[in-house]
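A.B. asks: Order-wise, the sequence lines are chains A and B. Here the numbering used here runs 18 ahead of the position in the first sequence, where the first position is 1. Here the numbering used here runs 13 ahead of the position in the second sequence, where the first position is 1.
No wet-lab data here; the hints were simulated from the structure. Remember, predicted model here, so these are calculated numbers, not experimental data. Hints may be right or wrong, so weigh each one.
Going by beta-carbon spacing under 8 Å, a handful of chain B positions derived as facing chain A [what the hints assert, rightly or not]: (1) 42; (2) 45; (3) 323.
So these bits of chain A aren't anywhere near chain B, every CB distance computed over 12 Å [stated by the list, open to error]: (4) 71; (5) 90; (6) 98; (7) 122; (8) 125; (9) 145; (10) 147; (11) 162; (12) 179; (13) 208; (14) 209; (15) 248; (16) 260; (17) 272; (18) 281; (19) 285.
Yeah, the Cβ is synthetic: ideal placement off N, Cα and C, and Gly gets one too.
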Amino acid sequence: MSEAAPAPSGATRVWPRRARRGLRVLQAAGPALLLVAVALWEIVAAARAPLRAPAEEDWRALSAALRERHRPGELIVFAPGWIDPVGRQHLGDLIPLEMAARMDAARFPVVWEVALGDAEAPERAGARLTWSAEHGPLVLRRFERDPARVVTDFVAAFSRARRGGAPGAARVSLEEVGFEPHRCVKVVPPPDRTVTITYPGVELGRELVGYVGLADVFTRRDVREPGRLTISIDGREVAAVTAGVDDGWVRFAVPTEPRAGAEVVFSATAVGPGARDRRICFAAEARR
Amino acid sequence: MIRLRLGPVARRRLTAAALALTALVSVLAAQREVGVARDEAVYIHHGTRYARWWLDLVTFEDGTASAERITATFGGAAPTDGNREHPPLMKTLLGMSRVLFHEELGWTSELTASRLPTAAMNALTVALVFLFGAAVWGYGAGLIAALLVLLLPRAFFHAGLATFDAPVVTLWLATLYSYHRALASRRWCIALAVAFGLALATKHNALMLPGVILPHYAWLAWRRSRPDQRAPLGRRLFDFLRALGRVRPLALAALAAGPLVLVAIWPWLWFDTIDHLRDWIAFHMHHVHYNFEYLGENYNHPPFPWHVVFVTTLFTVPTATLAAALVGGVALAGRARRGAARDAARAPALLIALSAAVSMGVFLLPSTPIFGAEKHWAPAIPTFCLLAGVGVVAASERLLRNLVAWGWIPAGPARFARAGTIAAIGGLVATAALTETAAAQPHALTHYTALAGGAPGGADLGMNRQFWGIAARGVLPVVNQLAPAPGEPPVPVYTHDAQPAWGLYRRAGLLRPGLPDAGRETAGIARSQIALVIHEKHFNRHDYLIWNSYGTVQPYHVLTVDGVPIVSVYVRPELLERRAARQR
Numbered sequence: 019m020s021e022a023a024p025a026p027s028g029a030t031r032v033w034p035r036r037a038r039r040g041l042r043v044l045q046a047a048g049p050a051l052l053l054v055a056v057a058l059w060e061i062v063a064a065a066r067a068p069l070r071a072p073a074e075e076d077w078r079a080l081s082a083a084l085r086e087r088h089r090p091g092e093l094i095v096f097a098p099g100w101i102d103p104v105g106r107q108h109l110g111d112l113i114p115l116e117m118a119a120r121m122d123a124a125r126f127p128v129v130w131e132v133a134l135g136d137a138e139a140p141e142r143a144g145a146r147l148t149w150s151a152e153h154g155p156l157v158l159r160r161f162e163r164d165p166a167r168v169v170t171d172f173v174a175a176f177s178r179a180r181r182g183g184a185p186g187a188a189r190v191s192l193e194e195v196g197f198e199p200h201r202c203v204k205v206v207p208p209p210d211r212t213v214t215i216t217y218p219g220v221e222l223g224r225e226l227v228g229y230v231g232l233a234d235v236f237t238r239r240d241v242r243e244p245g246r247l248t249i250s251i252d253g254r255e256v257a258a259v260t261a262g263v264d265d266g267w268v269r270f271a272v273p274t275e276p277r278a279g280a281e282v283v284f285s286a287t288a289v290g291p292g293a294r295d296r297r298i299c300f301a302a303e304a305r306r
Numbered sequence: 014m015i016r017l018r019l020g021p022v023a024r025r026r027l028t029a030a031a032l033a034l035t036a037l038v039s040v041l042a043a044q045r046e047v048g049v050a051r052d053e054a055v056y057i058h059h060g061t062r063y064a065r066w067w068l069d070l071v072t073f074e075d076g077t078a079s080a081e082r083i084t085a086t087f088g089g090a091a092p093t094d095g096n097r098e099h100p101p102l103m104k105t106l107l108g109m110s111r112v113l114f115h116e117e118l119g120w121t122s123e124l125t126a127s128r129l130p131t132a133a134m135n136a137l138t139v140a141l142v143f144l145f146g147a148a149v150w151g152y153g154a155g156l157i158a159a160l161l162v163l164l165l166p167r168a169f170f171h172a173g174l175a176t177f178d179a180p181v182v183t184l185w186l187a188t189l190y191s192y193h194r195a196l197a198s199r200r201w202c203i204a205l206a207v208a209f210g211l212a213l214a215t216k217h218n219a220l221m222l223p224g225v226i227l228p229h230y231a232w233l234a235w236r237r238s239r240p241d242q243r244a245p246l247g248r249r250l251f252d253f254l255r256a257l258g259r260v261r262p263l264a265l266a267a268l269a270a271g272p273l274v275l276v277a278i279w280p281w282l283w284f285d286t287i288d289h290l291r292d293w294i295a296f297h298m299h300h301v302h303y304n305f306e307y308l309g310e311n312y313n314h315p316p317f318p319w320h321v322v323f324v325t326t327l328f329t330v331p332t333a334t335l336a337a338a339l340v341g342g343v344a345l346a347g348r349a350r351r352g353a354a355r356d357a358a359r360a361p362a363l364l365i366a367l368s369a370a371v372s373m374g375v376f377l378l379p380s381t382p383i384f385g386a387e388k389h390w391a392p393a394i395p396t397f398c399l400l401a402g403v404g405v406v407a408a409s410e411r412l413l414r415n416l417v418a419w420g421w422i423p424a425g426p427a428r429f430a431r432a433g434t435i436a437a438i439g440g441l442v443a444t445a446a447l448t449e450t451a452a453a454q455p456h457a458l459t460h461y462t463a464l465a466g467g468a469p470g471g472a473d474l475g476m477n478r479q480f481w482g483i484a485a486r487g488v489l490p491v492v493n494q495l496a497p498a499p500g501e502p503p504v505p506v507y508t509h510d511a512q513p514a515w516g517l518y519r520r521a522g523l524l525r526p527g528l529p530d531a532g533r534e535t536a537g538i539a540r541s542q543i544a545l546v547i548h549e550k551h552f553n554r555h556d557y558l559i560w561n562s563y564g565t566v567q568p569y570h571v572l573t574v575d576g577v578p579i580v581s582v583y584v585r586p587e588l589l590e591r592r593a594a595r596q597r
């Protein structure tokens, strides 16, 4: 390194001294500066935090814009999820119970997303953005997708199903599963027993899609055993899903041959001798 | 001109009194907007019964001290009969306050009278923090620590509730303060016994206090024994045991005497003492797990993540306070390393560190029942504030010392500059805490600090929204608008988690006539015309039960904090139609 030009002698002496002095100043003033900086930041940030909230006028303007374009049967969702109650306050009359307690969003061709800031609703995944507008911090977006064509809705068809196996209640109801609303067939088998729900003469499509979960947060807390759902088509088991207390709304999908007249059996089991009051909820659709 | 010259002791006492008065007045003023907590309603009910029992006792009412009467008031067969799962001190005090200030003198509302003892206890906390901090680390450190302990958003909120969370902080701190003083003065051993006994009579957290004091005492004895590493282990142990007797054995005796105070003021322990004590402790060891949302997950079964205690503290204590505490902690560690710690003989810094470690540490154990909220480790928080006071003073002094050394300011006015710098930096840190505390009221359980992004940031992070139904008070004006006109049938209200508070709201005149509680769960919803949902993750099911019954998902009104929903009010469509027809 002897070829390198030497730095000017003045610079080599002065710069490190300055640096040392700067470092000394920083060491001396650092804690005080840190406290001043953090305190000033917090005063401003705490005062600004409420500004993120949309005003009543923003909600009204968004509501008016959506009502102008919305058609019956189009799904409305909110993001982040915690704005949902305020969203329903302004737009709840456009959300029928069945839509709010849907199995999933696949059957809806149009999804309206009401978002706070850059939040995104999972229901819009895979859909095309066709329109959007901002109202203060709220953003209204319209998405389109090719909807799933449902040939058999097993919840809607429950009235023509046969209950069998062990004794135990089975009915259609709106339940809390994984802290979300779902209209489902709720089956409560005795511990370690199985209740079967048999659907005769079912029309099948190319796919049978469904979900299963355990309803009611308090029984999930107090009884930790899982529930299991097996699905058989014409006597052959095609899927078996276990839903634990922390699993939420568990999806399953089975490829099927499109045809009419199949017998589909859902068998719900409360797994284990301690599995009392195990509220197994399922919903399923045969899709074209 | 007359100049008032105060000695340092008088000045400290006057400052402590002024701080306590400020705390008392500000908390009492703020609580008027705060709703009634579910447990508060229970404590007010039982506290009034306890107070009447004591009044009967001191007026020699026949049979008051009989086992039957004590059992009827303080106990019973079931684990929660007479609210015997919680010791009686604060319930008795709030009952006394209610009888005296509300019923007899008529000076305050029922709720304010019931909350007065908690507010007074919090005022004592502020004064104690100042006295402790000022005595050990100087006036400025004590003053800033006291202001910061007053300006904690959550603690300020709890200080205005007729519950035990603020008082147990006071008596926890009073026990440690008395112990610290007892190490230098035998007279303070009496105060130690009384403070520990009162702490035990307030809340079961106090059972952990020996876990703070005994290791601290052992450390003092170990240091006093001056262990020589070359001496045999047996010799070192012998010296240590001898030193245990030299530190202040009377303080240990006082600690052992504390439970006698508990027995003296809890009539339920006057017979079958061991059984009743065992029941009390067993109730909390095997406590039901609460539902508690943390980082988006609902926890109601162990293990609760170990980091809950740290993350929740980070997001609920003002960031500037925590930053100052960090500086203070580093400063104290540095002084200890240099052998320059203040009051090294009594090791106060170790004492407050152990206080925080023990009160928070129990929540790191996977076997601890899930309670969730920060109020359960609140006795740790004065430690942070004391460290913050030290931190502000240390940062200011460091800055000034160097400025003088470099000749940037002359040495002469440095004394005044020191006070000015401490005041300026301490003032800024306190202003940051004040901003958070003011922003948090009256729904402080929904508030998270700026570090989390405020209430919306807390919701984004999936932090718990609230508990005990307190926020329902915010929708009472809306519910009142729907009250029946004279001559019309009542409009039953599904009050959800506010059910225990409904009677108090009615007695306080916050509810119009004709709005009775409809009952619980599905049957209550079916009977109701109006339904409330207090928003917590595990309460979503109440929304769905109401949708089923009312046939709509649309709330009539949603109470929000900075856009975050905390209470929904549903109205049965038929009621709205009837009201619309009436208005036509």
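A.B. asks: Could you tell me which of the hints above the structure violates, numbers in ascending order?
C.D. replies: 1, 2, 3, 4, 6
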